[in-house]
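Sequence lines, in order, name chains A and B.
One point on numbering: in this note's numbering, the residue at position 100 of the first sequence is 100, and numbering is uninterrupted.
Counting the second sequence from 1 gives a position; this note's numbering is that position plus 179.
It is worth saying that the hints were derived from the structure and are not from the lab.
A virtual CB, placed ideally from N, CA and C, is assigned to each residue, including glycine.
One thing to keep in mind: the hints can contain errors.
What the hints assert, rightly or not - If you want the footprint, here are the derived chain A segments under chain B, 3+ residues with CB under 8 Å: (1) 16 to 29; (2) 101 to 108; (3) 134 to 145.
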Amino acid sequence: MQQILFTNDQISLEGLPQVEALAVIPLEPSYKTLRYVSASLFALAATTVAWVVALSVPGIGYWGLVGSVRFTLIGLWNNIYSTISFRHVGYAGRVKDISFKSGWLWLAVTPVPFNRVQHCDIRQGILDRKYGLARLTIYTAGGQSSDLMIPGLLPDVAEKLKAHILGTTEQLIEADPDV
Amino acid sequence: MSEITNSLYTPQRQSPVAILLILLRHLRIIARQIWPVFLVLVLREDGGRNIKFLSVLILIGVLSFLYAVWDYTRYYFFVENNELCVRSGIFRRKKLNVPFDRIQSVDFKQNLVHQLLNVVRVQVDTAGSKGSELELDAIDPKRANALREMVMDYKRSLKKTNEASTEIEGEITPEVPAFQETSELLLSLSPYDLIKVGISRNHLRSAAIIFAFLISLADDLDQVMGWNIFNGIGETTSAMSVFGLLLFLLAIPFFIVLSFIITLVGMVLKYYDLKFWRTGPSFKVVAGLLTRTEKTIQKSKIQIMQWDTSPLKKLFGLFQFTIFQATPDVRQNKSLFIPGCYQPQLDQTLDVIVPGFRDADFSTHKMHPRFAVLMVVIFGFLPAAVLWGIARWQESPLQWLALLILPLSIWMGILYQKKRKLKIHPDYLLSESGIFGNTTKLVEIFKVQTVTVSASPFQRRRGLASLDIFTAGGHLRFPYLNEKIARQVRDFVLYRTEIEQRSWM
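Based on the provided sequences and hints, a complete structural model is requested.
This is the structure:
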């Protein structure tokens with residue numbers, strides 16, 4: 001195996017930079033409110049649809065009740081989950097990568113090395129705009145499930161992060177056009 | 180530069196054979212849309228209608244032919260400023276330019292018509308998103324080869340200038356100079372090999388697919404013809420009588436034999452005279468009896484290599500080998516697939532693609548048995564509990580047989596647990612799995628895009644985590660690994676990808 005600029009000395013695994021050891025930057029507190037509102041709006045919309053369907057088709061009126069109970073519970077659960085998981089969600093940048101930590105029950109940490117970034121975009125949905133937030137998505141070639149989405153950022157923070165990531169990527173590309 | 184290469188610069192039509200191919204394709208689309216109507220018209224005997232029906236058919240045929248000729252005369256392709264250009268369109272004129280450096284591969288395909296008339300279909304694959312792919316229906320093979328050479332030469336020269344400008348110290352892959360590329364035959368499948376491959380396919384799975392197909396066909400006929408196939412079947416099997424059981428037992432070998440024949444025919448049609456070549460920095464598979472397909476992958480695009488065996492394959496010493504390449508959309512299947520090869524051929528291929536791999540020492544990590552236990556509970560214990568309930572309720576002795584699912588699943592769980600391994604080397608990651616067979620996936624660490632470590636509460640309580648490794652050609656998942664190991668693997672892979680100077684593609 002040819003090795004370019006890399007000698008394969010033994011590395012102590014303990015000595016490697018650890019993603020876990022990072023100080024995670026939490027998302028904006030207003031993102032929590034946004035989650036509450038979106039979960040409640042979803043529950044409300046779903047309940048309305050359930051009632052409309054139940055009342056317009058004869059003989060299935062009780063579905064409206066079942067549906068509204070179910071969607072209210074889902075909405076409630078989403079709100080509780082958002083509250084607790086918010087404490088665990090955040091991002092952290094290093095010199096060569098950016099990581100996103102998510103979840104409360106299902107914890108996941110996804111780091112994306114800057115030299116694997118394909119492109120970034122910033123999106124603001126209606127609710128995001130209402131709460132003055134933005135979401136940054138970082139795309140790699142690894143497919144949809146490996147793309148990193150950081151929600152609940154202030155727009156200028158998102159812009160700065162994006163510029164930083166792309167700036168770093170450009171430097172890397174200048175150094176190695178094959179990236 | 181040869182005359183043929185020069186001729187590519189002038190706008191030209193495809194070979195006239197293309198008219199026939201456009202016509203066939205057009206008719207096939209029409210036929211697919213309206214076959215139930217034909218079926219109804221043919222089966223419902225009605226003298227007066229037959230003439231109308233025939234005239235409609237002739238009209239469709241004539242219109243399609245005119246359309247094909249018109250389409251053909253409006254379709255031009257040529258090369259301009261290192262771009263492949265196509266002008267086409269009957270009502271809306273279209274011009275499509277594909278820059279050479281965006282082209283990923285130029286593949287050839289020949290179906291029976293192509294082979295008889297000695298033309299090839301050219302598929303040009305681009306790095307861009309959907310809709311920018313380009314296909315030439317029929318052009319003469321010399322011209323197609325010249326086109327491919329032109330594209331590949333351009334890409335090689337581009338790569339060389341890049342490499343020269345970056346001045347990376349150290350070794351640069353010595354590339355065979357253009358025009359003198361030697362093709363090395365890595366493996367070929369003889370008809371005898373092909374039969375072995377056909378025999379060792381998973382016939383249970385194909386039998387299930389055929390069964391599902393027949394069911395859906397019966398459903399179609401049901402709707403179109405008003406035949407009532409399902410009621411007929413329902414009556415014979417609803418009472419789980421001895422007759423029903425016999426029918427069922429006879430049906431299993433019937434479907435297996437049927438699937439065997441269909442698989443064998445399919446294998447011969449698709450993989451007849453398969454040849455796996457290496458030409459300079461790219462790999463090529465040519466195969467097929469009626470439709471001859473040629474698929475090329477550049478070595479740098481290779482992301483994951485996978486080889487599989489099954490008990491039957493082991494008997495013949497066969498492996499199934501798949502090479503996954505980088506695609507803009509992982510869901511698109513652009514892999515190179517070799518249905519059968521022997522150990523020496525596999526080793527030789529691996530030596531060419533990943534030279535140091537076979538001598539590498541790996542540290543092995545096993546999956547925690549909890550995962551197998553979980554699988555047994557979900558796929559064995561729970562269904563068994565439900566079946567037990569049904570068997571008690573129906574008081575039919577035969578239903579008790581279904582409870583065999585529990586010991587079967589335990590056995591499978593133990594086998595799976597034994598085989599599921601993650602092997603790590605500074606340069607490679609290897610994931611092994613399988614229940615009755617073996618599947619091995621190999622990733623070169625510098626090609627990894629991202630690594631995720633995730634854990635459910637259940638896993639965290641036991642200090643376990645799942646590891647997901649994403650590449651541009653697919654993803655490796657390893658569940659229920661020791662959490663510390665999972666994190667170390669992630670940190671190490673990250674470290675390796677971040678210091679890596681080589682391009683992953």
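Evaluation of the provided hints:
Closer than 8 Å: that is the beta-carbon criterion, and the segment 16 to 29 of chain A has 5 residues meeting it against chain B, so the requirement of 3 holds. Proximity of the segment 101 to 108 of chain A to chain B, defined as three or more residues with a beta carbon under 8 Å from a beta carbon of that chain, is established by the 5 residues found. Beta-carbon proximity to chain B at under 8 Å applies to 6 residues in the segment 134 to 145 of chain A; the threshold of 3 is reached and the given coverage holds.
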